[in-house]
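First to last, the protein sequences are chains A and B.
Residue numbers for the first sequence follow the UniProt record's numbering, so the first one is 1 and each next one is one higher.
Residue numbers for the second sequence follow the UniProt record's numbering, so the first one is 1 and each next one is one higher.
No lab work stands behind these hints: they were computed from the structure.
The hints are all genuine.
Here are some, though not all, of the chain A residues that point toward chain B, as calculated from beta-carbon distances under 10 Å:
(1) Leu195
(2) Ala197
(3) Arg209
(4) Trp286
(5) Leu287
Quick caveat, the model's predicted, so the values are computed rather than measured.
The beta carbon of each residue, even a glycine, is placed where N, CA and C say it ideally should be.
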Amino acid sequence: MTERAKTASAPPTARAIQPEPRPEPHDLRAPLWVVRGRMDRGRYIAFALASFFGLLILWELVAAAGTINPLFLPGPLAVVRALIAWWQSGDLWADIGISVWRVMAGFALSAVIAVPLGLYIGAYQPVRALFEPIMEFARYLPAVAFVPLVLLWFGLGESAKISLIWIGTFFQMVLMISEDTSRVPMAQIEAARTLGASNSEIVRLVLFRSAMPAMLDTLRITLGFAWTYLVVAELIAANSGLGFAILQAQRYLQTDKIFVGIMLIGIIGLITDQVLRRLHKFLFPWLP
Amino acid sequence: MTARVVLQSITKTFPGGFEALAPIDLALEPGSFTGIVGASGCGKSTLLRIIAGLETRSAGRILIDGEPVAGPGRDRTMVFQDYSLYPWLTVMQNIRFCRTLAVHARNATDSDIGDATRRSVALLNLMGLARVEHAYPKQLSGGMRQRVAIARALMAKPAVLLMDEPFGALDAQTREVMHDLILHVKSAEKRTIIFVTHDVEEAIYLADRVVVLAPHPGRIDTIEDIPFTARHRDLRLDPAFLTLKRRITDRIRATAGLSGDLDDLKTLTAPAG
Ligand SMILES: Nc1ncnc2c1ncn2[C@@H]1O[C@H](COP(=O)(O)OP(=O)(O)O)[C@@H](O)[C@H]1O
Ligand SMILES: [Mg+2]
Numbered sequence: 001m002t003e004r005a006k007t008a009s010a011p012p013t014a015r016a017i018q019p020e021p022r023p024e025p026h027d028l029r030a031p032l033w034v035v036r037g038r039m040d041r042g043r044y045i046a047f048a049l050a051s052f053f054g055l056l057i058l059w060e061l062v063a064a065a066g067t068i069n070p071l072f073l074p075g076p077l078a079v080v081r082a083l084i085a086w087w088q089s090g091d092l093w094a095d096i097g098i099s100v101w102r103v104m105a106g107f108a109l110s111a112v113i114a115v116p117l118g119l120y121i122g123a124y125q126p127v128r129a130l131f132e133p134i135m136e137f138a139r140y141l142p143a144v145a146f147v148p149l150v151l152l153w154f155g156l157g158e159s160a161k162i163s164l165i166w167i168g169t170f171f172q173m174v175l176m177i178s179e180d181t182s183r184v185p186m187a188q189i190e191a192a193r194t195l196g197a198s199n200s201e202i203v204r205l206v207l208f209r210s211a212m213p214a215m216l217d218t219l220r221i222t223l224g225f226a227w228t229y230l231v232v233a234e235l236i237a238a239n240s241g242l243g244f245a246i247l248q249a250q251r252y253l254q255t256d257k258i259f260v261g262i263m264l265i266g267i268i269g270l271i272t273d274q275v276l277r278r279l280h281k282f283l284f285p286w287l288p
Numbered sequence: 001m002t003a004r005v006v007l008q009s010i011t012k013t014f015p016g017g018f019e020a021l022a023p024i025d026l027a028l029e030p031g032s033f034t035g036i037v038g039a040s041g042c043g044k045s046t047l048l049r050i051i052a053g054l055e056t057r058s059a060g061r062i063l064i065d066g067e068p069v070a071g072p073g074r075d076r077t078m079v080f081q082d083y084s085l086y087p088w089l090t091v092m093q094n095i096r097f098c099r100t101l102a103v104h105a106r107n108a109t110d111s112d113i114g115d116a117t118r119r120s121v122a123l124l125n126l127m128g129l130a131r132v133e134h135a136y137p138k139q140l141s142g143g144m145r146q147r148v149a150i151a152r153a154l155m156a157k158p159a160v161l162l163m164d165e166p167f168g169a170l171d172a173q174t175r176e177v178m179h180d181l182i183l184h185v186k187s188a189e190k191r192t193i194i195f196v197t198h199d200v201e202e203a204i205y206l207a208d209r210v211v212v213l214a215p216h217p218g219r220i221d222t223i224e225d226i227p228f229t230a231r232h233r234d235l236r237l238d239p240a241f242l243t244l245k246r247r248i249t250d251r252i253r254a255t256a257g258l259s260g261d262l263d264d265l266k267t268l269t270a271p272a273g
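Model the full structure from these sequences, guided by the hints.
Structure below.
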């Protein structure tokens with residue numbers, strides 16, 4: 001960042017040699033600290049990397065200082081070693097695979113019901129009256145408190161984990177999807193109506209199409225919730241998966257492996273989030 | 001395809017008891033162009049939306065060529081001020097939107113489909129949109145978007161074209177271009193047009209007849225027949241045009257009770273003494 005700032009304010013001699021100082025495509029001297037100001041992508045990435053590596057260095061310094069017992073705070077190198085050990089044991093991919101599968105199953109089960117239900121709540125007032133108050137109520141039921149019930153109903157199998165993820169995501173998802181549908185401009189709906197569209201055509205050709213980008217955003221956000229409840233489920237009742245591995249590591253006081261587990265979940269979340277953002281741009285090139 | 005529109009004692013009282021329209025009686029000849037003006041909140045949009053079937057009426061009948069209508073129908077399409085285009089469809093797909101609806105596809109023969117394709121291309125050319133046929137709405141200026149909205153409404157071959165302040169969000173220069181375009185559309189398409197605006201000049205320039213609505217409750221105050229035959233830019237400066245504009249504007253001020261406000265303003269701006 002400082003390097004770029006220097007080139008921008010080059011000494012007067014350098015400027016005099018150039019016959020015509022061509023304007024930069026982006027004005028690099030544009031002030032950064034302006035409310036709602038602009039920042040070019042290069043500098044944005046530089047700032048983001050700086051914070052990331054800054055945190056990493058701080059972490060290493062604190063760990064290397066030796067004042068904190070490594071049992072409580074292992075250094076970054078110890079964490080990398082734990083990752084390699086996990087990978088060499090052959091469980092790493094299996095643990096990641098089963099966790100991703102559970103999240104996807106619970107999430108897909110939510111989405112398959114929540115998208116059409118939310119769409120119809122946003123479309124028809126009677127459907128809204130039937131479902132919205134119930135969903136608003138159910139959303140405040142703490143999903144974690146359902147653990148004993150879920151164990152009672154589904155035992156220790158996969159369905160227990162998937163149901164907990166479903167409980168944690170479904171109600172939020174329905175309400176957010178209905179909100180996305182409600183935000184479709186009335187003029188789009190009424191234009192279709194005066195052109196002769198039936199109610200079902202308005203739902204299919206206008207509401208759904210218009211709300212699709214917002215719905216994909218909702219799915220992206222609720223996928224994050226699904227990961228939270230996956231860990232809860234695996235901490236309580238599982239013998240595989242990332243959450244289970246974290247719990248095991250705690251039993252054997254492998255703090256470094258706990259760190260690896262937490263970070264893996266973070267990285268998987270970050271990657272899926274980025275993939276969905278790209279997909280968004282690719283699917284909806286017409287967005288302003 | 002054009003139609004005679006008759007409004008018989010249309011009234012509207014909103015839930016809560018607000019009386020938006022007192023009985024309105026009006027007959028519109030086939031192919032006529034009616035401008036509706038009036039102070040803000042006097043019920044122009046409400047009246048237009050009732051004709052479109054987007055708003056229920058409390059009493060009265062609407063006859064299209066003698067047939068009473070209920071609810072929205074493709075014989076009465078509407079152009080809105082803004083946000084009505086489908087941003088995920090290209091210009092051409094927006095114009096052809098009505099062709100994807102069952103009412104338009106029903107009993108369609110091959111020749112109908114051929115006609116529709118020709119018609120969509122003709123509308124594209126009529127509205128000067130040929131260059132942006134494959135563009136998305138986000139790539140268009142406000143004026144171009146309204147051209148698409150008008151072409152889309154015309155594509156359904158409505159007997160009556162309803163417009164609610166369609167140029168309200170456009171700048172003055174673009175508006176003038178749109179006015180001449182609308183006059184061109186009127187002579188090419190020969191539809192019955194009802195045009196709501198708060199801009200008196202716009203109404204006189206475009207319409208054969210200007211209806212002034214008075215507020216609280218909305219009712220017809222005066223109806224002015226517009227005598228001008230040739231419409232071109234210079235008309236806006238014609239003394240007869242300006243006299244008419246002055247008369248209608250004064251009526252709107254009188255009915256809206258704005259004259260009192262103006263007197264207040266005079267006392268404010270009068271030199272202190
Ligand atoms: N849905 C509604 N419920 C209650 N009052 C309404 C509703 N829609 C419009 N109104 C009232 O009816 C009056 C006429 O509104 P409108 O037809 O939009 O006026 P205009 O288009 O002439 O500015 C206004 O006073 C407005 O507040
Ligand atoms: Mg209005």
